[in-house]
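These protein sequence lines map, in sequence, to chains W and A. For the first sequence, counting from 1, position 31 maps to 200 in the working numbering; every step adds exactly one. For the second sequence, counting from 1, position 135 maps to 309 in the working numbering; every step adds exactly one.
In case anyone wonders, no lab produced these hints; they're calculated from the structure. Cβ coordinates follow ideal geometry from the N, Cα and C atoms, glycine included. Some clues are possibly wrong.
Just some of the chain W residues that point at chain A, by a computed CB distance under 10 Å [as the list claims (entries may be wrong)]:
{"#": "1", "residue": "Y249"}
{"#": "2", "residue": "E254"}
{"#": "3", "residue": "P255"}
Simulated crosslink set (DSSO-like; lysine-lysine; CA at most 30 Å straight-line) [unchecked claim]:
{"#": "4", "chain 1": "A", "residue 1": "K207", "chain 2": "W", "residue 2": "K173"}
{"#": "5", "chain 1": "W", "residue 1": "K173", "chain 2": "A", "residue 2": "K347"}
{"#": "6", "chain 1": "A", "residue 1": "K388", "chain 2": "A", "residue 2": "K376"}
{"#": "7", "chain 1": "A", "residue 1": "K290", "chain 2": "A", "residue 2": "K347"}
{"#": "8", "chain 1": "W", "residue 1": "K262", "chain 2": "W", "residue 2": "K276"}
{"#": "9", "chain 1": "A", "residue 1": "K347", "chain 2": "A", "residue 2": "K211"}
Not everything, but these chain A residues come out facing chain W in the computed CB check (under 7 Å) [stated by the list, open to error]:
{"#": "10", "residue": "I216"}
{"#": "11", "residue": "D218"}
{"#": "12", "residue": "L222"}
{"#": "13", "residue": "G224"}
{"#": "14", "residue": "N233"}
{"#": "15", "residue": "I260"}
{"#": "16", "residue": "M262"}
{"#": "17", "residue": "Q268"}
{"#": "18", "residue": "W332"}
{"#": "19", "residue": "F480"}
{"#": "20", "residue": "D481"}
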Amino acid sequence: MNDKYIFATDRCVNFETDGKTSGYEFRLRIPYYQGVPLSQVKYIKVWMDGEEVPAEDISVFAVSGEEFRLPEIITVTLFYWEYMEPLRVRVYKEGGLPAGRHTLRVKPSIDVIYAPDGFVADVSQEFEI
Amino acid sequence: MAISLGVSIYSFQEELFLGRMTLEEAVAAVAGKVGAKGVEIIMDETPLPGYRENGSVVNDEVAAWWKDLMAKYDTVPTIYGGGLPISMYSNRHQTVRERAICTRREMENCAKLGFKSFRTAIIPHDDIDAMAECFDLAEDLGITIDVEIHAPRGIHTWWTQDYIEAIEKKNSKGAGFVLDFGIFSKGLSLSEIHLMCRQGAKEEILFKMDEAHKAGQDLTEDEIVKLGGSDVELRAARRLQNLTYDDPEFIREIIPYIHAVHGKFYEMNDAGEEPAIDYENPLRILHEEGWNGFIDSEYEGQRAYFDVGCDITMDCIDQVTRHQQMIRRILAGF
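With these hints in hand, go ahead and build the complete structure from the sequences.
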């Protein structure tokens, strides 16, 4: 759902922690018609240049700034992936992405009882570092 | 009192989603260009300022912000759309007791903001047990806990009938239904016809199929293929067969339990009609029964344009305005 709008921007940028480039980040809109607590996110699968990223290397941010790794979000009921606020997603990868063109594929899913596969989107976007 | 008109803010979902409209701007559009009195929200779609920061509990500040907003635009709250607590955790379903506790918490929010109808949904059968644990609180709060009668689940299905049984068993005044007009679907919507055409269907075949369906004479697969139809048209045929069309007369059976109506629509045509849904008969019956309440426009066809890539952006305010004009026109004819 909402496939056309899942990528909130055409940007994916490297980020630094402690003065070192430690990965890349981007923003995703939700594949659902309302916000949900992070505990209701079934998965967010990420492929960079065709290679799937392990869930433990991915983190998401609450609107108020708290950061959670994907395996932790099952316990996060107070913070939401909001409908009107794209989710900031980080992938930890030492050195970040090299300069050049890359293809990012994402497949997020929201767990909803009446949708057997969840509310899903599966979209790709090219961008330049 | 008579039938009043409102708008579900969900109708403006694309603009809200893209950050091109705020909740206040949506309310301003309802009161301004659309000219409606009622405002419906889905709290988890457009959470009010300060609500999340307070752990998704409406406190005095949140309620004051909302009441000021309603006063500023001379609007009134109609339906509060609650969440689906059963799916709160992606690795298990919440129990009946957990669902009841979550629902009661949200009902307090609903009442504090001045909404009269708390809209929810029954998915598995034991959701009815969870709701029944909330009836007393609904009465205390002066609201009703209303299950949406939504396609493909019509009035003569257990989702509706077993809920009535639960309400009657407790003799509760705190529960009933939001009737969604999508259960009176008589044909293909313009939004899906346009989607299918982008996917390769021929418009004239779809219109022929739609016309035949409305006349009660669905075209057979052979006839569709003979006309030049292929995969997409055959998908349209299955869609037509699966549409929910309840006899509008059924409405009379549940009149005392209908606390609000969702004026579901997909796309208004240039003549100001919604060709996919029967409005004439259900509105006539509501009128004849002397039903008082809000019909909230619920525009959904914009999704057919943005679920899959397409450069068309529908004008949601214009669509809702036309929809309200249609309802007023039909009601004025009775």
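A quick look at each hint next to the structure:
no.	hint	in the structure
1	Y249	6 Å, holds
2	E254	8 Å, holds
3	P255	9 Å, holds
4	A:K207 - W:K173	28 Å, holds
5	W:K173 - A:K347	44 Å, violated
6	A:K388 - A:K376	19 Å, holds
7	A:K290 - A:K347	12 Å, holds
8	W:K262 - W:K276	19 Å, holds
9	A:K347 - A:K211	25 Å, holds
10	I216	5 Å, holds
11	D218	4 Å, holds
12	L222	12 Å, violated
13	G224	12 Å, violated
14	N233	15 Å, violated
15	I260	5 Å, holds
16	M262	6 Å, holds
17	Q268	10 Å, violated
18	W332	15 Å, violated
19	F480	5 Å, holds
20	D481	6 Å, holds
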